[in-house]
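**Student:** Sequence:
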Amino acid sequence: MKFQAITPACVVLLFSMSVQAQTVRRVPANYPTIQGAIAASVHGDTVLVSPGTYYEHLNMADKRITLRSTDGPAVTIVDASQFWPVLRITGSTSRQTVVEGFTLTHGYSETDAGGIEIVNAQPIIRNNTIVDNASAHRGAGISMRSSSALIVGNRIVNNQVYEYGQTYEPGGGGGVFVAGDPCTKAPFPSPTCGAEIRDNLIEGNSAQELVTGGGIKLYGSGPVNVVGNVIRNNASNYCGGGIVVSGRIAGLRIENNLIVGNIVSLGEQGGGICAVTEARPESFPLAIVNNTIIANSAPAGSGMNIVFSNASLRIVNNLIVAIPSSTGIECIEYGPHPSPGVVTNNNVLASGASAYAGQCAGSEGVDGNRSDAPTFVGPGSYRLAPGSAGIDAGSNAAATETLDLARVPRVVDGNADGIAQIDIGAYESGVTIFIGNFETFY
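Just so we're aligned, residue 79 is where the sequence shown starts under the numbering used here, counting upward by one.
Think of the hints as simulated: they come from the structure by calculation, not from any bench.
Some clues are possibly wrong.
Said to hold, decoys possible - Label pairs and their computed distance ranges (CB to CB): (1) Thr-189 / Gly-456: 41 to 51 Å; (2) Ala-152 / Asn-474: 25 to 35 Å; (3) Glu-287 / Gly-458: 28 to 38 Å; (4) Val-120 / Thr-453: 55 to 65 Å.
Treat the numbers as computed from the prediction; the structure is a model and nothing was measured.
Positions of the beta carbon are idealized from the N, C-alpha and C atoms, including for glycine.
Start from the sequences, fold in the hints, and give me the full structure.
**Tutor:** Okay, structure coming up:
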């Protein structure tokens, strides 16, 4: 076998190709528009955007590039003027597409997201503010179809989805909508396959008219992790003020979230979480673990309404405080399974109604489930105070996260009995200080 020597000309060519693949394209210094810089980019480039308001709608297609602001979302705004989605990403096959540091606002779509529409793509959407967008169908803030996107550290606020009789596909998800399975060609289960919604503030979004899921809607999706989010003050006319899960799901984990103050307004159930679902045979179990679910409004199932047809569902280590006269967790059988699977180590409190209702009515006092009033460390905090019910009362085996919602390590020995046992809810016992009415942890 012969090997051909690399000539100096080849070295120069390879070097120039490497440099080209890592070009920084600046807006507006080099390009007057963000879309112009995107169009000129190749895989590996960075589009760096200076502060300003840019009246554009952006299409990144399948480019594996980084789109980043220099000074953050407060001063770098992309405004679609209510004519188009603000940003569309399609066909990116890895998490090498990154969007970071923008306010994305005033987008609109008849079918998918007004804010960010992601189709068959796996981008990282990080540290953005996605605000005041609208959709006539699904996912006003962010919509994902057949996507393994990572949605992390964003503020997804005041987005609105509504539907006037469009029934060809399920709609909803005022903040975020996820559908479709990106993992059909991947070895199952795959640790890199499936969407992640992690460490976001999802607040003040709504699903109006005939659709469901004020904060998040997951419909017939591949594996999804919803972890470490604050989901508050969202609204839906029907099921799921905070989160709705429906269709056949190929694995789901809802863990370490604070779900508070969400509303279902038209007599339906599931103020915090509404799940009408079953697991596909090849999937991971469906798990709702270590969430704090408080003061969500619904006539029944203030915390959760679970309509189940698969015994793989696990509801473990959750702290639920219902509004007055509403049940805490309502379980309804649908299909062949007489129970929702595993319901253990939850603390569910209700006044004027049953804490555990429906098929879950026999859970109180069994398998570590309780109905004991929690106490919190101070105003504005949902961390359990020393001596509170729920400290060291969870199941270590159910949790997968090593940090709680406030990035405090878990599991610790919270009651000083020499045994480290996880706390019930999204927060672990730790050091707490207050700045104003907000808690900060270290």
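**Student:** Could you work out which earlier hints the structure fails to respect and list their numbers in ascending sequence?
**Tutor:** 2
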